[in-house]
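Novice: As a plain string of letters, each chain reads:
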Amino acid sequence: MSLDTPIIDDIGEEIFALAAKIYPFCRSITGNGVRQTLREVGAHIALDIHEVPTGTPVLDWTIPREWNIRDAYIKNERGEKVVDFNQSNLHVMSYSVPVQQRISLSELKQHLYTLPDQPDLIPYRTSYYAENWAFCMPHRQFETLRDETYEVLIDSSLTDGHLTYGEFLHKGETADEFLLSAHVCHPSLADDNCSGVALLTHLAKRISRLRTRYSYRFLFIPGTIGAITWLARNEDHLPRIKHGIVVSMVGDDGGPTYKKSRRGNTEIDRAMIHSMRHSGLSPTILDFFPYGYDERQYCSPGFNLPVGLFQRSKFGAIPQYHTSADNLEFIRPEYLSESYRLIAETANVVESNRIYCNTVPKGEPQLGKRGLYGAIGGDKDAAVANMAMLWILNLSDGMHSLLDIAERADLPFAVVQRTAELLREHELLKPLESF
Amino acid sequence: MSLDTPIIDDIGEEIFALAAKIYPFCRSITGNGVRQTLREVGAHIALDIHEVPTGTPVLDWTIPREWNIRDAYIKNERGEKVVDFNQSNLHVMSYSVPVQQRISLSELKQHLYTLPDQPDLIPYRTSYYAENWAFCMPHRQFETLRDETYEVLIDSSLTDGHLTYGEFLHKGETADEFLLSAHVCHPSLADDNCSGVALLTHLAKRISRLRTRYSYRFLFIPGTIGAITWLARNEDHLPRIKHGIVVSMVGDDGGPTYKKSRRGNTEIDRAMIHSMRHSGLSPTILDFFPYGYDERQYCSPGFNLPVGLFQRSKFGAIPQYHTSADNLEFIRPEYLSESYRLIAETANVVESNRIYCNTVPKGEPQLGKRGLYGAIGGDKDAAVANMAMLWILNLSDGMHSLLDIAERADLPFAVVQRTAELLREHELLKPLESF
Amino acid sequence: MSLDTPIIDDIGEEIFALAAKIYPFCRSITGNGVRQTLREVGAHIALDIHEVPTGTPVLDWTIPREWNIRDAYIKNERGEKVVDFNQSNLHVMSYSVPVQQRISLSELKQHLYTLPDQPDLIPYRTSYYAENWAFCMPHRQFETLRDETYEVLIDSSLTDGHLTYGEFLHKGETADEFLLSAHVCHPSLADDNCSGVALLTHLAKRISRLRTRYSYRFLFIPGTIGAITWLARNEDHLPRIKHGIVVSMVGDDGGPTYKKSRRGNTEIDRAMIHSMRHSGLSPTILDFFPYGYDERQYCSPGFNLPVGLFQRSKFGAIPQYHTSADNLEFIRPEYLSESYRLIAETANVVESNRIYCNTVPKGEPQLGKRGLYGAIGGDKDAAVANMAMLWILNLSDGMHSLLDIAERADLPFAVVQRTAELLREHELLKPLESF
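Residue numbers (my numbering), protein chains in the order written: chain A, 5 to 439; chain B, 5 to 439; chain C, 5 to 439.
Excised from the complex, chain A in its bound form:
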């Protein structure tokens, strides 16, 4: 198996194309935007769509009413749309209640959000659990609004309905699972998280064609309430999750960034960090903190799953974050491809990570008689070439995994794994479980 050999060469382009396709949809934590998005994902993989009715209790929460929107605008006295939902779905605060009225500028201002420090950008705002309505607009435009009467329309609905999420399971040789999770609740924000949804779709597509040791579960869910819903409905299932990664913002030119699981030294943490450190990039590794994406839910103390967060730029740390500048120009195929490769390599590490035992643990085995060693001693380069073999033989005492050895020897996991295969063919290694 080699997860990091993409199904196609231009995997970055493919991921970008899907991200671009779903970018215009007006997603929220419920509603048709999510359904539209999952339909596009489902065009690539056999996605299960779940619909959970409004009012269903989920852990400490309750599924809210479903929100949909058809149109919205602010018209001035001359009938000009000074703000138009059709131009950008960020213009309307998510979960805005329906409104149609004529109001003064001063009243209108109670319902306007801008970013004075980034006067050309539209901010992204939500009000899921408090009934309200608002428009978001560039501060520069806001400053030109005249003191007149405006016609305001938000043609939305907030009604009993469903919360929708998508799930894809690839069955591996074992029931142990690798969880990959992306949020699908943000409207037109390309990096956060059209990029993550598109990347996981193509990774799932690739994995679905491979024989794997682990089963791989992909979740395309609304942030927070979606993760809580899935956790509530799958509580008995959680012990099977051995590794997990939340992905978001995987297409920009920053990072890469990895935030460790709450446990902090799990195999997924070590595998992800190893892949990033040997990537030639300069990764940022963060200890767990209880703010961010759905790792907050997976790592809540009652679950404490081994789930980290992979990103390129760290959320909140860049000016484009949660603004209209997080658009399709902000993400690039080359970065999507690199993110794909890092996650696939990490999956390769945990797929291949094993504890072996040296079958000749007393003294070094004679590699030469097995054709494993340069027969001419004294060559200054021989040491380097043979180091992987010597490290594996020396540390394969039933207590060190291949990843432990790769870390200790400061060698790429792939080198250690290939060398271990060679030693195993020569019966110098046996898996721990064979003893």
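Since the list gives no way to pick one copy over another, a pair counts as held whenever it fits inside one copy or between any two copies.
Straight line, CA to CA, 27 Å or less: simulated DSSO-like cross-link-like pairs of lysine-lysine: (1) 366 / 246; (2) 366 / 318; (3) 209 / 246; (4) 175 / 209; (5) 373 / 434; (6) 246 / 434; (7) 113 / 79; (8) 175 / 246.
Bear in mind the hints are in silico, worked out from the structure with no lab data behind them.
Please arrange chains B and C on chain A, whose structure you already have, making use of the hints.
Specialist: Same frame as chain A, now just chains B and C:
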């Protein structure tokens, strides 16, 4: 309870005034100077005075004879007092035996101490356990002594009597104790330790008016022999001591400095370090070493109590140490006040430190429906405002105390403690013992 | 006992003289060069010589045929010896099979080794386990070879015989052993390892005249196959080995370097590092890695002995390594003497390292009444002078060895050890086993 809200605003001035009042007394490890000092302390708090007879065995030691002094001088041939005890009690080596005789300069020099590198200062010298007498004087003056005959008088007495120490106990809700200890054996040295005696007196006064969880025991004792005496007489009592701080040199402009207990990672060590790190100052943290003040006795291997040392400048590390330059100009109300605040805050930390359990450990609780969360999402500042809540909920798994959480979250303890109270009011936290 | 007081003052000269005497012999992993070398070692100590027959199985290996060589040369058409074994035994690849033939330059070049980057040096090459023959020569000379026919002679033999190694045991008070091991298989390479053989010989000579706690076992063995042979023949014996050091390259001006045992924090590791850190030199400390000298075998996972590697320059890291530049000018008596002292001091540390218990653990003992303390307090230097006593008393709680205390107090072990003796004489310390 809020120990760090001083009983009066100008606490530094009050501490300074008491330090100044006791500064002139000629203290030693026994004698009337100690009694005079404890009388002044007793004017503020209900101090118990203990008198332990000469000859009493205490651990490996024996209470020595009591030393008192009335007068001392060196007169030259013209009858001029070239050294006069009434000018400074540092002029006579502590525990000097009585002497009255006429001697040559060369004989006299056998009994003179000076500081050639600090020629204007009088050194502080003692000879508690070897019978001897000596004068201490500025080196510059020493160099002007003519080769003539001198009349030497030390009107002291070294007789069977008592060792005297003071003790004050504030009873809290539990019998678990917080020990605070200051030495009262140094003569006119303002920072070392009139400052410490005065600070503890006012802290005791403040605490005596509060309801506290811990009981607070204050010791005003002669260095070394006093601590050994108290330990010998209270050995059965020691398991009650959960936290302790020795204070000395708390009024100068250096530090602050904290020397950890021998155990090195006790709650008092962590609480004191936390308070200092969040003070806006630049504290120096030292690992335990077996030289210093009475932490040497409290932390001897047979007791190994959780007791650290708080100072501003580190003893021995400043030129004023154990010289006449350690006078009332060397200490300042503002530094005394700051030291008071740091110790009081530390007491607050251990008073309030608890382990709580999150009552909604699976997923995050919905803070919004309890009015605990900004209802409008997407605000970049919301994360900051809610971090304390999220950290406490995430780490309150029955294994992390509030101090653990404050350290991990890098938040001031007071913020964590107040936030925990709020969450407890909303029944999102329960103390560990309630489960 | 004081191992670091050499038997003679000019120990470095003595070691050098022995290294110089054995330098010319043509050693390999078997053969008369090894026997000649061991005879010189045996002139100083009562060495046991072991002969193990060809074909004997040893762990995963088999004793190879014995190799000896009498002469070798390359003659040009004018009968001139362009390469002559009698000039340097490095000219012939070790274990070259016999050959006598006339060949063209192009054929000859298949059997020539040079160092293009170090054109004046002869490289050192071996081919123990693959039948072959070759000459080694300076690249500058290689470039002058004319295209003509050459007469090639290697008058060697490769026949059933023996592998030879030497062993010396000094019996101490206990059967617990300190292992010291040097390889004797390199031909004329002065630092690697005539220096190590000569140093261990003189250390053994010194130790043989002392009463020691540990027994000391010295091995003079061919690299790899010799260590494997000794391990195979002494497997039941290995649990007695409590400490061990492999020595090689101990006469050059680099380092010193210490590579830790595989376990990484054994007493020998800590003792060696302590001695080096307090030597006034700038030691390099390396974590274990599975390439190098015979520590590879001693630290194989099935044995995992507490054996480190002491060197001056790190092998492979200097241009002289495995070339004709590793000659008698490359090693110097002063460096040999320094290496001797570091190893002897390390042996002293483990000889004297004990856990003591303070007999007066409650409070400090009164040192003054025992004459152990400066009676005049207040002297700023008194603290320094008494620190060793205070550290030992404070940490001698049955859990800290003298080496632990020396490390914690940052004091030389010898100071701590002498001070512990003094405290023991005053019955303030008892060995742990006395309780």
